[in-house]
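There are 2 protein chains.
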Amino acid sequence: LANGYNGLQEFVVKAFQMGKSDPRKVVFSAKMGLALVLVSLLIFLKEPFEYVARYSVWALLTVVVVFEFSIGATLSKGFNRALGTLSAGGLALGMAVLAMLAGDWEELVTIISIFVIGFIATYLKLYPTMKPYEYGFRVFLLTYCFIMVSGYKTREFVNTTVSRFVLIALGAGVSLIVNTCIYPIWAGEDLHNLVVKNFMNVADSLEGCVNGYVRCVEYKRVPSKILTFQASDDPLYSGYRSAVDSASQEDALVGFAVWEPPHGPYRMLAYPWKSYTKVSGALRHCAFMVMALHGCILSEIQAPAEKRQVFHAELQRVGKEGAKVLRELGNKIKRMEKLGSEEDILYEVDEAAEILQRKIDRKSYLLVNSQSWEIGTPQKEQGQTQHLLTSTRESTMPEFKSLSDLGQLPNFTSFDAGNSPATHFIPAGSVSSESIFNKQVSLPTPLTSIADEESSNEDESKTYESASALSLATFTSLLIEFVARLQNLVEAFKELSEKAHFKEPIGHYVREA
Amino acid sequence: LANGYNGLQEFVVKAFQMGKSDPRKVVFSAKMGLALVLVSLLIFLKEPFEYVARYSVWALLTVVVVFEFSIGATLSKGFNRALGTLSAGGLALGMAVLAMLAGDWEELVTIISIFVIGFIATYLKLYPTMKPYEYGFRVFLLTYCFIMVSGYKTREFVNTTVSRFVLIALGAGVSLIVNTCIYPIWAGEDLHNLVVKNFMNVADSLEGCVNGYVRCVEYKRVPSKILTFQASDDPLYSGYRSAVDSASQEDALVGFAVWEPPHGPYRMLAYPWKSYTKVSGALRHCAFMVMALHGCILSEIQAPAEKRQVFHAELQRVGKEGAKVLRELGNKIKRMEKLGSEEDILYEVDEAAEILQRKIDRKSYLLVNSQSWEIGTPQKEQGQTQHLLTSTRESTMPEFKSLSDLGQLPNFTSFDAGNSPATHFIPAGSVSSESIFNKQVSLPTPLTSIADEESSNEDESKTYESASALSLATFTSLLIEFVARLQNLVEAFKELSEKAHFKEPIGHYVREA
Chain B
1 LANGYNGLQE FVVKAFQMGK SDPRKVVFSA KMGLALVLVS LLIFLKEPFE YVARYSVWAL
61 LTVVVVFEFS IGATLSKGFN RALGTLSAGG LALGMAVLAM LAGDWEELVT IISIFVIGFI
121 ATYLKLYPTM KPYEYGFRVF LLTYCFIMVS GYKTREFVNT TVSRFVLIAL GAGVSLIVNT
181 CIYPIWAGED LHNLVVKNFM NVADSLEGCV NGYVRCVEYK RVPSKILTFQ ASDDPLYSGY
241 RSAVDSASQE DALVGFAVWE PPHGPYRMLA YPWKSYTKVS GALRHCAFMV MALHGCILSE
301 IQAPAEKRQV FHAELQRVGK EGAKVLRELG NKIKRMEKLG SEEDILYEVD EAAEILQRKI
361 DRKSYLLVNS QSWEIGTPQK EQGQTQHLLT STRESTMPEF KSLSDLGQLP NFTSFDAGNS
421 PATHFIPAGS VSSESIFNKQ VSLPTPLTSI ADEESSNEDE SKTYESASAL SLATFTSLLI
481 EFVARLQNLV EAFKELSEKA HFKEPIGHYV REA
Chain Y
1 LANGYNGLQE FVVKAFQMGK SDPRKVVFSA KMGLALVLVS LLIFLKEPFE YVARYSVWAL
61 LTVVVVFEFS IGATLSKGFN RALGTLSAGG LALGMAVLAM LAGDWEELVT IISIFVIGFI
121 ATYLKLYPTM KPYEYGFRVF LLTYCFIMVS GYKTREFVNT TVSRFVLIAL GAGVSLIVNT
181 CIYPIWAGED LHNLVVKNFM NVADSLEGCV NGYVRCVEYK RVPSKILTFQ ASDDPLYSGY
241 RSAVDSASQE DALVGFAVWE PPHGPYRMLA YPWKSYTKVS GALRHCAFMV MALHGCILSE
301 IQAPAEKRQV FHAELQRVGK EGAKVLRELG NKIKRMEKLG SEEDILYEVD EAAEILQRKI
361 DRKSYLLVNS QSWEIGTPQK EQGQTQHLLT STRESTMPEF KSLSDLGQLP NFTSFDAGNS
421 PATHFIPAGS VSSESIFNKQ VSLPTPLTSI ADEESSNEDE SKTYESASAL SLATFTSLLI
481 EFVARLQNLV EAFKELSEKA HFKEPIGHYV REA
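Residue numbers (our numbering), protein chains in the order written: chain B, 1 to 513; chain Y, 1 to 513.
So here's chain B without its partners, still in its complex pose:
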């Protein structure tokens, strides 16, 4: 009992929090109560409105069914209900006349017509493009059966049809007026905000993934929720997941938004809501790359920290610039602002990606494990070790690998900074190969001689090593692919901003004036 009481208490607290975090829900509930009260007042009407009171249940039913959270949803349901009732009413009246003509067979005709209409309406409802009108088909079916059935009893076909329609119109009217006039909640605005939120989420996720990667964040144990793509509060994961997962929500919101009249900042007939989903789809296409980047963090095969350190600054810059582009686009959508015609939003991120790519280019020896190269083990035959590449040596001496790598770091970064040809062509390889040569001398046994005996085990660890270095290459090229996909996103944004007549950016305006 105490348990149940605690559970209830917790539930009440959570319900309060829900209202606090989204006050619209409280408002909506109050509006619903108000609409019900207004319709219920009908019953208190005395003569000559007795008639309305008698059928008041239809108005009540309509309010309960039609009164939806957003105005678009209310309109769409109201339309469905009106269309279903009207068409079914007309058809039922016609069929009733036919059935009466059938004389003794009237009951049979009625029953058969109910079966046939029931069959056809249900079948058409299942047709894929009829999905938005599903509710309309239900109302159609109900109305048809109701009029046939109650008309047969009372012989008041026309009366039943008309009163039903009037009461439904009344209920729908009350719903609509209450819903629109008091604190309206627009599906279009929800869609707009959802898309903006997704931009921010993906940006956070991207930055988080890149920063996590260079900082060598690792999962001790990957949460099983991530492994089965369920909601989880991992910050890197939830960001892109929300963007990937919001597709069906967006579709629903677009379905409602198209019903809404021009309002607020969306002062345009046939506002291009579909373009919002296109932008969101392009964002999703980018989010899948962030997901793949996160996959590199989740993976068991991890690049060694020293190697990541080498590309630390470049990776991080691409991540930062990429997130900046996403946030800027998100803000542009939020403020409904076009891109300036001269401004190239992608300039910085493209540059950062190119710098990263060049660095990769110069240092791609770090990404592979040249020890096993079938074309590249000449020292064993020819003894000319000093001209080989550093990485070849490093991998023959796993113990010293990280040391030498770190040791050579400061050297090379200083070369990068002063990028003049003169310093660039100093044979950096020979420097580090000398220092390594010294270390190699101090080794007790030449490792190469016993390689053949324990080749199986060693092979495996070498394979792993090479895979782990390639993992860095993968992360980098996924990041660069992400940057490439931004182009597509910017195009989708431009299309939206044109179609929706976003305003010119303020800075741009000033320059032109």
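Everything labelled a hint here was simulated from the structure, so no lab data went into it.
Warning: the hint list may mix true and false statements.
One copy or two, it doesn't matter: identical chains are merged, so the pair holds either way.
Claimed, not checked - When the alpha-carbon atoms are kept at most 30 angstroms apart in a straight line, the in silico DSSO-like pairs for lysine-lysine are as follows:
#  : residue 1 : residue 2
1  : Lys-363   : Lys-499
2  : Lys-359   : Lys-307
3  : Lys-197   : Lys-14
4  : Lys-499   : Lys-307
5  : Lys-363   : Lys-307
6  : Lys-225   : Lys-324
7  : Lys-274   : Lys-131
8  : Lys-225   : Lys-320
9  : Lys-225   : Lys-197
10 : Lys-197   : Lys-131
11 : Lys-494   : Lys-363
12 : Lys-25    : Lys-320
13 : Lys-494   : Lys-225
14 : Lys-338   : Lys-494
15 : Lys-131   : Lys-25
16 : Lys-131   : Lys-14
17 : Lys-14    : Lys-338
18 : Lys-220   : Lys-20
19 : Lys-20    : Lys-131
20 : Lys-14    : Lys-274
21 : Lys-499   : Lys-131
22 : Lys-20    : Lys-197
23 : Lys-494   : Lys-220
24 : Lys-225   : Lys-503
25 : Lys-334   : Lys-320
26 : Lys-153   : Lys-359
27 : Lys-499   : Lys-225
With chain B's structure known, arrange chain Y on it following the hints.
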């Protein structure tokens, strides 16, 4: 007019095709018609059932609303409707007594109670965990208002409540009996088939992506539907997309399946339907890797055909084995069979991945572009060209790159086949470097000398070249990551097969007997 007629004709043809491709839809529609007819027969009842006929509309309404495609959905809606009606009925009766006690204030009390109940029910409906009971809240609200309103008129509170409940029970009973006894359609079975289908789709997509990649399939222009993740009939894309996109459908099906009693092959109380979604989630986790593989095909940066050719056989084998594992798991689920305890379903694919990884290891010089290595351009200083790695040379002579690469292919593959240490340590590097040296001699100008002048343009093309080689590394390591994720999928499958008491595989059974 002719247009409209053609459109109608087309629509009818498509509707027929829908019925042909899924006859269950035809059956369901006929069942719906039958249920409506059965309920409508109530009206033809003469005395002493006049009373039932008067309220028959409630039964009709119930059938129209509750009769759903699958039995689980029908049961869940029926339960919601029953619970909503009963609890609202009880509450309304209590409130009516209170209101009558209020004497003159009765109308006010009624109105206020409608507002308060309307507010609370609507607010709770918005609470996230209450989503499955959304319909129940609606019915609750409708019933409460209806009883309060019509009871006030007629003073027949109890009568209204009871008759309404009886008629709703009648409608729900008819729906349920017709839906269950005639050609039942189970949501659980749909879920089962959907998961199996997703396995097959991802397998096809994987195989298609790998085969397409080694065959250098390219998109002239990437369909914009893919760029915005919308449905498209591209075979590589639609396969994994269906698996990625079916999450909400699966959730809905699970929501219904848990309502279904044990039936057919699912003869178990509390059948672990949730485990199906877990397996499906793990499959989705794999499908994201297939998506990333497809991303390599979509990307603008493409690895050169000759390099892909080198890993042709290994890549294709991993793709084939990976798809085989997926298909086998899919078939196991379809047949509801466990994995044999000795059988390691991943053996082949792991082996294939390892072979690929080793080959990558041996030939990783193909994945990078050593020309720009800051540590590795000693020939300019020291002139000792003959000991450099082939790839360094290749990239200084772009024209000969593909030739030399292809030329050295047969040599090396024969080394791979005979894997004895003796042949392995033949200095392969010197062979190919000799043959390249000959070619280099025939070049008119030494390219290296003019490198400094036109460095900017050349830099860019070099950068592109290195990116394009890395793209192959990315594809490979994504493929290997896909294989790694299969482990997780197999585990999810094992959990499902345990919980759902799948049968032992037949071969295994025989061996034990």
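Each hint tested on the structure:
When the C-alpha separation of Lys-363 and Lys-499 is checked against a cutoff of 30 angstroms, the pair qualifies neither within a copy, at 45 angstroms, nor between copies, at 51 angstroms. For a Cα distance limit of 30 angstroms, the shortest separation of Lys-359 from Lys-307 qualifies both inside one copy, at 12 angstroms, and across copies, at 22 angstroms. In this assembly of identical chains, Lys-197 and Lys-14 lie within 30 angstroms of each other by CA distance solely inside one copy; the values are 23 angstroms within and 40 angstroms between copies. For a Cα distance limit of 30 angstroms, the shortest separation of Lys-499 from Lys-307 qualifies neither inside one copy, at 47 angstroms, nor across copies, at 44 angstroms.
In this assembly of identical chains, Lys-363 and Lys-307 lie within 30 angstroms of each other by CA distance both inside one copy and across copies; the values are 10 angstroms within and 20 angstroms between. In this homomeric assembly, Lys-225 and Lys-324 come within 30 angstroms of each other (Cα to Cα) both inside a single copy, at 29 angstroms, and across copies, at 26 angstroms. Proximity of Lys-274 to Lys-131 under the C-alpha cut-off of 30 angstroms is found in both arrangements, the shortest distances being 17 angstroms within a copy and 27 angstroms between copies. In this assembly of identical chains, the alpha carbons of Lys-225 and Lys-320 lie at most 30 angstroms apart whether taken from the same copy (28 angstroms) or from different copies (28 angstroms).
Both within a single protomer and between protomers do Lys-225 and Lys-197 lie at most 30 angstroms apart by alpha-carbon distance, with minima of 23 angstroms and 23 angstroms respectively. In the homo-oligomer, the alpha carbons of Lys-197 and Lys-131 lie at most 30 angstroms apart both inside one protomer (28 angstroms) and across protomers (23 angstroms), since each shortest distance falls under that limit. For the homomeric pair Lys-494 and Lys-363, neither the shortest alpha-carbon distance inside one copy (37 angstroms) nor that between copies (44 angstroms) is at most 30 angstroms. When the C-alpha separation of Lys-25 and Lys-320 is checked against a cutoff of 30 angstroms, the pair qualifies neither within a copy, at 37 angstroms, nor between copies, at 52 angstroms.
Taking the closest pair of Cα atoms, Lys-494 and Lys-225 come within 30 angstroms of each other only across two copies (17 angstroms); inside a single copy the shortest separation is 36 angstroms, beyond that limit. Taking the shortest Cα distances, Lys-338 and Lys-494 sit within 30 angstroms of each other inside one copy (7 angstroms), while across copies they are farther apart (53 angstroms). Proximity of Lys-131 and Lys-25 under a CA criterion of 30 angstroms is satisfied in both settings, with 27 angstroms inside one chain copy and 14 angstroms between copies. Taking the shortest alpha-carbon separations for Lys-131 and Lys-14, only the inter-copy value of 15 angstroms comes in at or below 30 angstroms, while the best intra-copy value is 34 angstroms.
In the homo-oligomer, the alpha carbons of Lys-14 and Lys-338 never lie at most 30 angstroms apart, since the shortest distance is 41 angstroms inside one protomer and 43 angstroms across protomers. Taking the shortest Cα distances, Lys-220 and Lys-20 never come within 30 angstroms of each other, neither inside one copy (36 angstroms) nor across copies (52 angstroms). For the homomeric pair Lys-20 and Lys-131, the shortest alpha-carbon distance between copies (19 angstroms) is at most 30 angstroms, but the shortest distance inside one copy (35 angstroms) is not. Taking CA atoms no more than 30 angstroms apart as the test, Lys-14 paired with Lys-274 passes between copies only; the shortest distance there is 26 angstroms, against 35 angstroms inside one copy.
Taking identical chains as interchangeable, the C-alpha atoms of Lys-499 and Lys-131 lie at most 30 angstroms apart only when both belong to the same chain, with a minimum of 27 angstroms there against 36 angstroms between chains. Taking CA atoms no more than 30 angstroms apart as the test, Lys-20 paired with Lys-197 passes inside one copy only; the shortest distance there is 19 angstroms, against 44 angstroms between copies. Taking the shortest alpha-carbon separations for Lys-494 and Lys-220, only the inter-copy value of 23 angstroms comes in at or below 30 angstroms, while the best intra-copy value is 43 angstroms. For the identical chains of this complex, Lys-225 and Lys-503 are inter-copy neighbours only, at 27 angstroms across copies versus 42 angstroms inside a copy, given an alpha-carbon limit of 30 angstroms.
Taking the closest pair of Cα atoms, Lys-334 and Lys-320 come within 30 angstroms of each other only inside a single copy of the chain (21 angstroms); across copies the shortest separation is 47 angstroms, beyond that limit. Proximity of Lys-153 to Lys-359 under the C-alpha cut-off of 30 angstroms is found in neither arrangement, the shortest distances being 86 angstroms within a copy and 84 angstroms between copies. For a Cα distance limit of 30 angstroms, the shortest separation of Lys-499 from Lys-225 across copies, 19 angstroms, qualifies, whereas the shortest one inside one copy, 40 angstroms, does not.
Hint violations for this structure: numbers 1, 4, 11, 12, 17, 18 and 26, all remaining hints satisfied.
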